Each structure stands twice: as C-alpha cells, then as structure tokens.
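Enquirer: Sequence:
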Amino acid sequence: MKVINVLAEPKRMLIVELLRKGPHSVGEIAEELGFNQPQASKHLKVLSEAGIVEVEAITNKRIYKLRPEPFQELSVWVESYLKIWEERYDNLDEYLKKMQLDEKRNKDDS
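For the sequence shown, the residue numbers in the numbering used here are 1 to 110.
What the hints contain is simulated information worked out from the structure, not anything from laboratory work.
Treat the numbers as computed from the prediction; the structure is a model and nothing was measured.
One thing to keep in mind: the hints can contain errors.
As the list claims (entries may be wrong) - EDC-like, lysine to aspartate or glutamate: derived pairs with alpha carbons at most 16 Å apart: (1) Lys61 <-> Glu31; (2) Lys2 <-> Glu49; (3) Lys11 <-> Glu32; (4) Lys65 <-> Asp109.
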C-alpha cells in the first residue's frame with residue numbers, strides 16, 4: 001500500500017499532522033516544523049505524488065492541504081485487520097472462559 005509507505009517516513013507524518021489543522025504554505029510548514037524549505041518541498045512532493053496532499057497556487061504561494069480519499073482507503077484497510085484481531089480476541093476470550101469453567105469444575109469435583 002503506497003500510502004502506508006509514504007507515511008512511514010516520520011517527517012512526512014509531521015507534515016500530515018500539521019496539515020490536519022488546515023492548509024499551509026511550504027514556508028509555513030518548514031518554519032513550523034523546523035525544516036529547511038528544500039527539505040519540506042521534497043517531502044511535500046512525495047506526499048503530493050502519493051495523492052495525500054493537493055496543492056493550490058495562490059498568488060506567489062503554493063498552499064498544501066490534505067486530501068481525504070487516501071485516509072478513507074487507509075481506514076478501510078485497517079478496519080479489515082481490526083476484524084481479524086477482534087475475532088482472535090473473541091476466540092481467546094471463549095477459550096479463557098472455558099478454562100476457568102473447567103478449573104472450577106475440577107475444584108468442585110475434588
């Protein structure tokens with residue numbers, strides 16, 4: 001999944017977290033996160049190519065904002081794994097209850 005690979009880079013996640021608060025220019029992102037501007041631009045290019053952010057040119061600034069679609073896709077993907085883990089936890093819960101019941105029966109039989 002391309003979105004996960006892109007978001008695995010910690011600096012890109014910082015940018016995403018900042019953009020959750022609203023659109024920012026590359027200069028604002030660099031300043032807010034303590035990056036130099038070329039470094040911020042490099043990460044924004046990767047985020048843009050992955051479809052995670054979109055850019056709008058306003059006068060002489062490029063304003064970046066998050067796109068919701070990649071996060072919806074990511075949510076669906078994560079949800080599929082949550083169902084698997086919920087089933088496993090339910091099975092474990094049933095097994096532990098059975099063990100407790102068996103243990104109680106063994107004590108009662110003694």
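Enquirer: Indicate, hint by hint, whether the structure satisfies it.
Expert: Hints, verified against the model:
no. : hint             : in the structure
1   : Lys61 <-> Glu31  : holds, 15 Å
2   : Lys2 <-> Glu49   : holds, 10 Å
3   : Lys11 <-> Glu32  : holds, 12 Å
4   : Lys65 <-> Asp109 : violated, 67 Å
In the structure shown, a violation is registered for the earlier hint numbered 4 alone.
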